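S.K.: Read off the chains here:
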Amino acid sequence: MEKEAPSLDLILKGLWKENPVFVQLLGMCPLLAVSNSVKNALSMGLATTFVLVFSAALVSLLKRLIPKEVRMGCYILIIASFVTIAEYVMQAISLEIHRSLGAFTSLIVVNCIILGQAESFSSKHKLLPSVAHALGRGAGFSLAILCMGIIREVVGKGSFFEIPLFGEQYQAWTLLILPSGGFFVLALLLMLYETFSKESG
Amino acid sequence: MNHKSLKMMGSLTLISTISAFLLQMVVLYTQPIIAKNQALYLKQAIYEILPNTASVQGYRLQEGRFIRSDLPNPSVFAALDAQKKTLAFLFQWQGQGYQELMKILVAYDPVSKKLQGIKVLESKETPGLGERILTDQAFLAQFQGLAMPFNQERQELRHPLQLALRGKPKQPGRIDGITGATISSKAVLRIVNQGARYYFPLLQKTGGGK
Amino acid sequence: MNTDSLGFIFLSSLLINNFVLSYFLGICPFLGVSGKLGRALKMGFAVTFVMLISSLSATLIHSLLVWLDALFLQLIAFILVIASVVQLVEMVIKKYSRALFESLGIFLPLITTNCAILGVALFQTAREYNLLQSLIFALGAGLGFTLALLIMAGLREQLGLAKVPNLIQGTALTLLVAGILSMSFMGFAGLGG
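Chains as they are written, first to last, in our numbering: chain A, 1 to 201; chain B, 1001 to 1210; chain C, 2001 to 2193.
Check before you lean on any hint, since a few could be wrong.
Restricting the straight-line Cα-Cα distance to at most 25 Å, the calculated cross-link-like pairs of lysine-lysine (DSS-like) are [what the hints assert, rightly or not]:
id	chain 1	residue 1	chain 2	residue 2
1	C	K2163	A	K198
2	A	K39	B	K1004
3	A	K124	B	K1007
4	B	K1004	A	K63
5	A	K39	B	K1007
Beyond 10 Å from chain A on every Cβ pair, some chain B residues (computed) [claimed, not checked]:
id	residue
6	K1007
7	S1019
8	Q1038
9	N1052
10	Q1062
11	E1100
12	P1127
13	G1128
14	F1139
15	A1141
16	R1166
17	P1172
18	R1197
19	T1206
If you are wondering where the hints come from, they were derived from the structure by calculation, not from laboratory data. Treat the numbers as computed from the prediction; the structure is a model and nothing was measured. Every residue gets a Cβ at the ideal spot worked out from N, C-alpha and C, and that includes glycine.
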């Protein structure tokens, strides 16, 4: 086995340098669909990170027991269980959040970031590094979806966390909250990321 | 059976057991909380439509009639005032809104054949535009006391709800939509009509739910 | 219960609430589609086919789980059964029709983890569609996906010839085009009542 990188490095890498969204273009579907308000974005980021970390931990603990032939099935089974758990916990905390995310909570199952984590990292590494790696990727995803949520809510609705920011006369740019706005804001963020990461080398 | 497939089945069983155990624990713990939250939310919605409500009685469909039922998740609610007089029956109906599913709670009095009000329980309409169907009081107030008779012979609503036409005298069943939220307003009317076609004849047959 | 008419459900999932452009399901193949129209068409039909299978299995699973009072297993059952059924169909096609396999089958394993497939199952359950409504919904969603894919592939062909600044090239450009497409699909809202 290769030499394990220190855990903090793994987290930071997932957050910026190897950000799953900006660099690898994974997890696009929830990123675009539920980033129309800061609250939704935050809930989605947290739920995804929860599933990512726990499924990574379990996969890495069970890696010796999972035969190669059925590994995909096993990963999906583990991930789907944690998604269901996340769904129930979310419903118990707040029905309103669960409603506003709708079917997209269940759709965390097919988020490629999670399956990718299980397949290419957790199945080959020990518990601690894979949890750290998963945490980093979860944070990276949350960062991206939060950026989207903040831009879309502040510009598109003139509020932050449902608190009005600009007063009555602000003419909200509603387009950004509509589906097409998701595409535009993501395109903008990708361009910004490109520019910044080029400058920093 | 060879060694390999045994191992495969063994590990699949193990993983399923672990998942089942975790799931079971979480579900057992959270389900009562979720059920309580849901019941509370529905009750609040009922009080919001009919502020005079003192208590709520659940009803369930049996052989084409509604009978009283204290089981969880009844199909229809009756809102009773302090003198135990039935104010209205309430049912939920859902359909396609502008973008996503929309769920509406409808209050109907089968004796006077009048709507008593509606409340949108779930929707994902566009914030700032379609979302106004949740908050626009002028729009929602039109449903209070709106006559909505059901023609038993033809099995159809006598005046299905429709958006009012601008500049024309108001006819029965016409509702003024919200500017900038026409499609969401239309969706509300469509869903209320669909629910009415199903529930009104049943409620009228139950005749005030005695 | 849901009494939306079949025509309305079909129109709505095909155009008004296009899976790709308004629910963002199946974005990966959409963004990754090459400028080849033929390939996009085949891919679209494969997705439609799998969606129909998924919709049918989801209806059965849902009624079974309601009967067993075990709805918390729904998500797990959906994803596992859909994945297995698709694999089974792939094997059957491979065995009986080489030609069909070559044009359709190669896409099947890719499609299984596509979120649009699970999306069909989840949406039809949340909306309480019956079997027929579900199948029409899946058909509309699949054809809507095909339509979006075809438009994108056609645009890609043209974009290859256009001169654009370096910064926008690649995914950002595709996203901008998708945003404009999504805007134009908003015009369908209100069709069919």
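S.K.: Could you check the structure against the hints above and give me the numbers of any it violates, in ascending order?
M.R.: Violated: hints 2, 5, 6, 7, 8, 11, 12 and 13.
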